[in-house]
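K.L.:
This is what each chain is made of:
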Amino acid sequence: VLLATYMGYVGLGAAVLQALERPAEVQAAQHLLQERWELLANHTCLQGPALQRLIEGIIQAYKSGITLQGNTTSLGRWDYSGSFFFSISAITTVGYGNLSPSTAAGRIFCIVFALFGIPLNLVLLNEIGQLMLLGVQHCSCRLEEMFHWQNKASFLMKTCALVTGLLLFLLLPPLLFSDKEGWSYEEGFYYSFITLSTIGFGDYVVGTNPDRTYPSWYKNVISLWILFGMAWLALVIKFSINLLE
Amino acid sequence: KAMCSGRLQTALLVAGYFVYLLVGAAVFQALERTAEKQEKMAASQMKEAFLQNFTQLTVAEMEQFMKNLIEAIQNGVYPVGNESQFEESNWDFSNSFFFAGTVVSTIGYGTLHPKTAGGQIFCVFFALFGIPLNIVFLHHVGKMLSLLCKKLGEFLYEKGMRKKKIKFLTLLFFLATGILVFLCLPSVFFQITEGWSYSEGIYFAFITLSTIGFGDYVVGKQSDRKYFSYYRVLVAIWILFGLAWIALLFNL
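Protein chains in written order, with full-length UniProt numbering: chain A, 1 to 245; chain B, 1 to 252.
Worth double-checking, as some hints may not be accurate.
[Said to hold, decoys possible] Quick list of in silico lysine-lysine cross-link-like pairs, BS3-like style, CA-CA up to 30 angstroms: (1) B:Lys167 <-> A:Lys238; (2) B:Lys40 <-> A:Lys219; (3) A:Lys238 <-> B:Lys221; (4) A:Lys180 <-> B:Lys67; (5) A:Lys180 <-> B:Lys37; (6) B:Lys47 <-> A:Lys238; (7) B:Lys221 <-> B:Lys67; (8) B:Lys115 <-> A:Lys219; (9) B:Lys47 <-> B:Lys165; (10) A:Lys180 <-> B:Lys167; (11) B:Lys221 <-> A:Lys180; (12) A:Lys219 <-> B:Lys37; (13) B:Lys167 <-> A:Lys219.
Rather than coming from a laboratory, the hints here were simulated on the basis of the structure.
Just so we're clear, the structure is a prediction, and the values are computed from it rather than from any experiment.
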């Protein structure tokens, strides 16, 4: 029965996503096709194959994470700050993929690094989660003492913690993102959830827009948010699993 | 005193975690920096060469074209070849199914991702309920796997081995067969079906099963290769059991 539910759930999601995304995709494809024909028409010296090669070259570069815009040989992305962020994305298993090792040595190191880093990360998140739980229990004990409620205090504190976490980790950060990254609120929310659940598509990544300047505290605040947010979300998921079982 | 040592432990843990990250970052930077520089030079050389050959094209038009192209690529549209290839969609049912799977397992390759606001919001709620469901499901699959180990343990016990030795041996067996079946064999398989080298296959297997899922290597996405029809189903089954194996490993 579980298998059936699981398969059914995934299948349902697939159908819905297909319905939602297909039209937009068709539009984008048509738009690009138009662009290409326009370019060819405007410059009749441009031959098809040469353009083809250029396009393929650009795609190749893009997949290696290089954009060819502007004259500047913009910031290297494997500078220390970028590598640090990459390390975080590896051991938290978020794995954005906008930056990924292209050398064989880098890949092997990545495997070894993650092999020890992921358990380390799990232990740390567990610790943070326990601390959070302790804090909640502490508060509920205090409340019980002060107001002589019995079981209600615990429930109240748990919902309070859930709501605070929701606000702090999922509802407020999108505001910061729309200011610093220029995303819409919905995109910021989507990014927050995808990151904290460690899915990490990499379609949106903080601090990678070459046209924007970021304050120096930005990446540090983001890292803290990721850590605590993940610990909180892991707790929430643990509780919901207990409910399921 | 117990509180003190507990706090100390936590502090050490946090410190160790950050040191680990810092060291990793330094190593990655050292390994990847030069390769990146080379690729950048190659890319801008290509651009220069193209512009030189077609001097009628102004730089501004070129930039605009590339901007559009990159936007299209980010949307998952690869305009290579003629128009007939536009018929195949990234969001046909089979791809969407695989995508939904990468969401609930939290692998999240990212080669395919929702661009519409509706798709994104749906994705969030889909994952919110799907991830716990996935964890429970993997838990049950894991139980099946551990049953096998228990059977082996019982078999050895009947042969008169000591309990500690049995535990050690079954753990070793579990680890060894798992590595063979979930990491080594699939890499050989991918060598044939994807044309990757063996180390690339291991890298892909590890990144997938650890749910990191960078998306730099993904099965079934090379347009110039023919895949047999149940290829991705097979890969999905491998991912499921592999994930359950890893989850069990962590519980041990």
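K.L.:
Look at each hint and say if it fits the structure.
P.N.:
Outcome of the hint check:
1. For the suggested pair B:Lys167 and A:Lys238, the alpha carbons sit about 29 angstroms apart, so the restraint of at most 30 angstroms is met.
2. Of the supplied pair hints, the one linking B:Lys40 and A:Lys219 holds, its CA atoms being roughly 25 angstroms apart against a limit of 30 angstroms.
3. A C-alpha spacing of about 34 angstroms is found between A:Lys238 and B:Lys221, which places the hinted pair above 30 angstroms, so the restraint is violated.
4. Note on A:Lys180 and B:Lys67: the hinted pairing holds, with a Cα-Cα distance of about 22 angstroms set against a maximum of 30 angstroms.
5. A threshold of 30 angstroms between alpha carbons decides the hint, and for A:Lys180 with B:Lys37 the separation of about 28 angstroms falls inside it, so the pair holds.
6. With a C-alpha separation of about 51 angstroms, the suggested pair B:Lys47 and A:Lys238 falls outside the 30 angstroms cut-off, and the hint is violated.
7. The suggested pairing of B:Lys221 with B:Lys67 holds, with an alpha-carbon distance near 24 angstroms, which does not exceed 30 angstroms.
8. Among the hinted pairs, B:Lys115 with A:Lys219 is consistent with the structure: their alpha-carbon atoms are about 25 angstroms apart, no more than 30 angstroms.
9. Pair hint B:Lys47 plus B:Lys165 does not hold up; C-alpha atoms about 64 angstroms apart against a cutoff of 30 angstroms.
10. As the CA atoms of A:Lys180 and B:Lys167 are separated by approximately 54 angstroms, the hinted pair breaks the 30 angstroms bound.
11. Distance restraint check for B:Lys221 and A:Lys180: the Cα-Cα separation of roughly 34 angstroms exceeds the 30 angstroms cut-off, and the hinted pair is therefore not satisfied.
12. Note on A:Lys219 and B:Lys37: the hinted pairing holds, with a Cα-Cα distance of about 24 angstroms set against a maximum of 30 angstroms.
13. Using a Cα cut-off of 30 angstroms, the hinted pair B:Lys167 and A:Lys219 is violated, with the two alpha carbons roughly 46 angstroms apart.
Hints 3, 6, 9, 10, 11, 13 from the earlier list are contradicted by this structure; the remaining hints agree with it.
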